[in-house]
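Colleague: What follows is the residue order along each chain.
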Amino acid sequence: MSVDQLLSSLTIFVLAILVGFEVISKVPATLHTPLMSGANSIHGIVLVGAMLIAAIADNPLSIVLSVIAVAFATMNVVGGYLVTDRMLEMFKKRPAPPKGGTKAEA
Amino acid sequence: MSLDTLIRLVYVVAAACFVLGLHLMNSPATARRGNQLSAVGMAGAVLGTLLLIAAGDVSATGTLIWPIIVVGIVIGGGAGAYSARTVKMTAMPQLVSIFNAMGGGAAALVAIDEFVRAAGVGPHTLGTTEVVATVLDVVIGSVTFTGSLLAAGKLQGIVTGTPVKLPFGQAFNVVLAVVALATALYLVVVGQVLAVLALLLLAALVFGVTMVLPIGGADMPVVISLLNAFTGTAVAMAGFVIDNPVLIIAGALVGASGGILTKLMADAMNRSILNIVVGGFGTGDSTVATTATTAAGGSVRELTIDDAAIQLAYAQHVIVVPGYGLAVAQAQHVTAELAGLLEERGVDVKYAIHPVAGRMPGHMNVLLAEANVPYPQLVEMDDINPEFQRADVALVLGANDVTNPAARSDPSSPIHGMPILDVDKAASIIVVKRSMRPGYAGIDNQLYSDPKTGMLFGDAKDVLTHLISAVKAL
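Chains A and B are the protein sequences, given in the same order.
Per the numbering used here, the very first residue in the first sequence carries number -5; after that it's consecutive.
Per the numbering used here, the very first residue in the second sequence carries number 1075; after that it's consecutive.
Honestly, the hints are just simulated from the structure, not real lab data.
Wrong hints could be hidden among the right ones.
Lysine-lysine pairs mimicking DSSO-like chemistry, simulated, CA-CA at most 30 Å apart [said to hold, decoys possible]:
| no. | chain 1 | residue 1 | chain 2 | residue 2 |
| --- | --- | --- | --- | --- |
| 1 | B | Lys1546 | B | Lys1526 |
| 2 | B | Lys1546 | B | Lys1499 |
| 3 | B | Lys1424 | B | Lys1499 |
| 4 | B | Lys1162 | B | Lys1424 |
| 5 | A | Lys20 | B | Lys1162 |
| 6 | B | Lys1337 | B | Lys1239 |
| 7 | B | Lys1424 | A | Lys20 |
| 8 | B | Lys1337 | B | Lys1162 |
| 9 | B | Lys1337 | A | Lys20 |
Selected chain B positions facing chain A (in silico; Cβ < 8 Å) [what the hints assert, rightly or not]:
| no. | residue |
| --- | --- |
| 10 | Leu1096 |
| 11 | Asn1109 |
| 12 | Val1309 |
| 13 | Ile1322 |
| 14 | Ala1326 |
Note that CB positions come from ideal geometry on N, CA and C, so glycine has one too.
Here chain A stands alone, though its shape is the one from the complex (with noise of 0.2 Å):
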């Protein structure tokens, strides 16, 4: 990596560490789980490292390490989404009105 490269890497490494701290805001603590579960799934985008690795594997040790590398991620995206929405979905289906009123507000 040159010079420039790194430069502009890590530029968009903090710029990214800072929009995480700030997209986070005053999250009520019913939805904490499915938040963590959420951004649980976004760190699968490994899998498009994982899929790049795998791309120029050429010996067995590397075809073995990269074909384990897009098993893991894969199951971390798929399965990641699919329990958060089944948990969101849940909150979806209960009746609001004995809370909505008051949640909303707060």
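Assemble chain B onto chain A, guided by the hints.
Modeller: Just chain B now, with coordinates in the frame of chain A:
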């Protein structure tokens, strides 16, 4: 415009989807849409990468590219989809933790593979940036991998939820840290030797275990959230290793937002993250011997099942206060059965839900909904607190710190200021609890020495089953 440029733009859009998706998940009304938006971004990034590989726009010199990708996706996708669809709501935190372990493992593997490839060429093939990123990725990713698996095991009950104090625990951790630091320095300064990386990997894997082992089951949700933030950081490091911006953005995003979320969760339990990781206490599965006195100096009155059954059956208003102990004992169905029985006798039953009751915030609502408790009976803290004065009996099922009046009255108490349920205002109180062991905060609960309080010791499910037959016999 070349395909490579196009896909890089797709990555930018994906990153925007992740940010907006996370933001939408702040509110219950938009949360589901947020998650779906984030999933769309993910699908775009993955499909774009597949297109790049297919078109040969990235170096695609591998021998088995498509078999690897297809096999990996089928196995991983199948396992992920199956477990996500079939998991019981009570087992949700474990599953999230397992998915997190997979992400951390994958991130570490990406860096290991790059390293192995380079070390095959010579000991100085990788630049300093890549080596530093590799070292960080391998350490953080491996700690997350074993740590998350162990956390899942603890929640599932495969591994004891009790904090395990390792003999020479701290000394052992220091040795691991020294090994990790020495190997990391060797890799960066001297040269890229495979055996040294293997040693670093081993130290990190073991550290994941020794880090989580001393932490109690009750604190696992916070630990899982913390490990989730770790994985994000590991993925960002993997992005540095293979020079891919979307990994850097998404990883850093999760690392930071996961960190904030961990702090929010710890705050809701009135604990600090450091206290949880270093403290190594806080459990619901303990069987520490029953002591009949508390530090408050008061003595504790133990009830018989029949006394309790009579109190409940002849009450007019009963408020059930479910807590962590109920979740551990999986007693939500018997609780609902007892409540139904009391209602048949004309007793008015309500449930008081503290925001952090259960194994994770918001968990109690889900558990009771699963046991078919009608939603209007679940009353949130601020709405139920004025009603305790009218209640004849408050039935506390495995809840502890959230009922401790010291939070209101004793400024020197570590939990002072934490919002609690005003259980002590009820005419009489029945507490079902495994033992006199203190809760997360490790402090005595003045409620138990209150003269109005009667204790029923035992597993919540067993006690409730006995209560049900006693009420039926009346």
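Colleague: Could you check the structure against the hints above and give me the numbers of any it violates, in ascending order?
Modeller: Those not satisfied: there are none.
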